[in-house]
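*Asks:* Modelling step: build the complete structure from the supplied sequences, incorporating the hints.
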Amino acid sequence: MQIEAGHDSAEDAIASLELLLMKVREGPWLGIPKAVSSSGAFDSIVDKVFALDKRMAMLRLQSASKIETATSADRGESSAPERKPWDLYASGDLKDRSQSPFCHAQAVKSKFDACTLASSTPATTSAGALSKVELCSSWEVLKTSIRNTLGAEQPDLCWVEIEPSSASAALCNDFVDKHDLWMAEQKVYCEQVDAFLQQLYEDALPKGTLLLALPQGDLSLLRYLKGLRTRSKWRDAASGCDDLAPEKLHAAVGDAFHGVMDSCLFMKQKQ
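Residue numbers (this note's numbering): 1 to 271.
There may be inaccurate statements among the hints.
Distance condition first, Cα-Cα at most 30 Å in a straight line; then the derived DSS-like pairs of lysine-lysine [claimed, not checked]:
(1) 23 / 111
(2) 109 / 48
(3) 268 / 48
(4) 54 / 207
Pairwise CB distance ranges (calculated) [what the hints assert, rightly or not]:
(5) 134 / 32: 48 to 58 Å
(6) 164 / 24: 28 to 38 Å
(7) 23 / 203: 47 to 57 Å
(8) 22 / 195: 12 to 22 Å
(9) 8 / 267: 40 to 50 Å
(10) 87 / 14: 16 to 26 Å
(11) 250 / 51: 19 to 29 Å
(12) 14 / 211: 54 to 64 Å
(13) 184 / 114: 44 to 54 Å
No wet-lab data here; the hints were simulated from the structure.
A virtual CB, placed ideally from N, CA and C, is assigned to each residue, including glycine.
*Replies:* Given below as structure tokens:
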């Protein structure tokens with residue numbers, strides 16, 4: 001047993017083994033919250049719509065990488081391994097996912113459906129404000145779903161989330177070493193989003209509808225780069241293939257931070 005400055009490495013080893021045994025018995029999600037709930041002082045968009053006695057639809061477009069992964073899995077091809085629970089939790093992606101309005105609406109609706117099956121008279125919840133919660137696999141499917149939703153159900157609010165083109169940490173180094181190529185790919189994706197919104201405005205939106213578009217930065221990129229910068233400060237850090245020059249890391253973190261902070265809101269009403 002080695003004790004230095006009050007630190008007992010043997011106790012750490014025992015605690016680690018006990019935690020490992022508990023995770024073997026209970027599963028890898030032990031100790032990791034299934035959902036990160038916000039403070040009670042803040043209501044979700046579903047709660048606000050329900051409080052106003054309004055109706056809303058929630059739609060989400062999957063990123064192209066996820067669609068390709070699902071297609072490859074259907075064909076029996078090898079795909080990227082599923083991320084571990086502790087990786088999702090430590091990276092912050094679990095919190096981002098749980099705080100997504102669409103993911104929250106999915107959880108609310110699933111819980112409501114389960115209560116409906118278990119009881120003939122379920123309690124009134126904010127799920128009553130949801131007319132539709134749907135995950136779309138392509139631009140065309142999303143446009144058709146929006147058109148059908150606005151035409152038949154006529155909700156007071158139709159919330160649409162579009163996932164970024166790529167959010168994998170494995171590609172984050174391209175932001176530094178291949179910045180021009182990375183920006184070109186993002187520009188192409190933004191042009192696709194812009195073209196989709198223009199088609200949506202012309203073909204699917206009823207007259208008098210107000211279209212709001214709010215771009216948001218990808219926080220996973222910022223967290224990953226900040227983690228690399230922190231790791232590079234430790235002299236005993238193991239070198240790896242993703243090591244980057246400190247000046248490049250510093251510039252990349254600053255650029256990513258400004259990309260997250262510099263957001264704007266676009267509004268256009270169908271006349």
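*Asks:* Can the suggested window of 47 to 57 Å be confirmed for the beta-carbon pair residue 23 and residue 203?
*Replies:* About 51 Å separates the Cβ atoms of residue 23 and residue 203, which means 47 to 57 Å holds.
*Asks:* Given the range 12 to 22 Å, decide if the beta-carbon distance of residue 22 to residue 195 lies inside it.
*Replies:* violated (51 Å)
*Asks:* Between residue 134 and residue 32, does the C-beta distance stay in 48 to 58 Å?
*Replies:* Roughly 28 Å apart at Cβ, these two residues miss the hinted range, so it is violated.
*Asks:* Kindly confirm whether 40 to 50 Å is satisfied by the beta carbon distance between residue 8 and residue 267.
*Replies:* violated (60 Å)
*Asks:* Given the hint that residue 268 pairs with residue 48, does the C-alpha gap stay at or below 30 Å?
*Replies:* holds (23 Å)
*Asks:* Is it true that the C-beta distance of residue 164 to residue 24 lies inside 28 to 38 Å, as the hint says?
*Replies:* At roughly 35 Å between Cβ atoms, residue 24 and residue 164 fall inside 28 to 38 Å, so the hint holds.
*Asks:* Is the hinted pair residue 109 and residue 48 satisfied, with a Cα-Cα distance of at most 30 Å?
*Replies:* holds (15 Å)
*Asks:* If you check the beta carbons of residue 250 and residue 51, does the distance land in 19 to 29 Å?
*Replies:* For residue 51 against residue 250, whose Cβ atoms are near 45 Å apart, the range 19 to 29 Å is violated.
*Asks:* Need the status of pair residue 23, residue 111: alpha-carbon distance at most 30 Å?
*Replies:* holds (26 Å)
*Asks:* Does the Cβ pair residue 87, residue 14 satisfy 16 to 26 Å?
*Replies:* holds (25 Å)
*Asks:* Going straight from one Cα to the other, do residue 54 and residue 207 come out at no more than 30 Å?
*Replies:* holds (20 Å)
*Asks:* Given the range 44 to 54 Å, decide if the beta-carbon distance of residue 184 to residue 114 lies inside it.
*Replies:* With Cβ atoms ~46 Å apart, the hint holds.
Hint violations for this structure: numbers 5, 8, 9, 11, all remaining hints satisfied.
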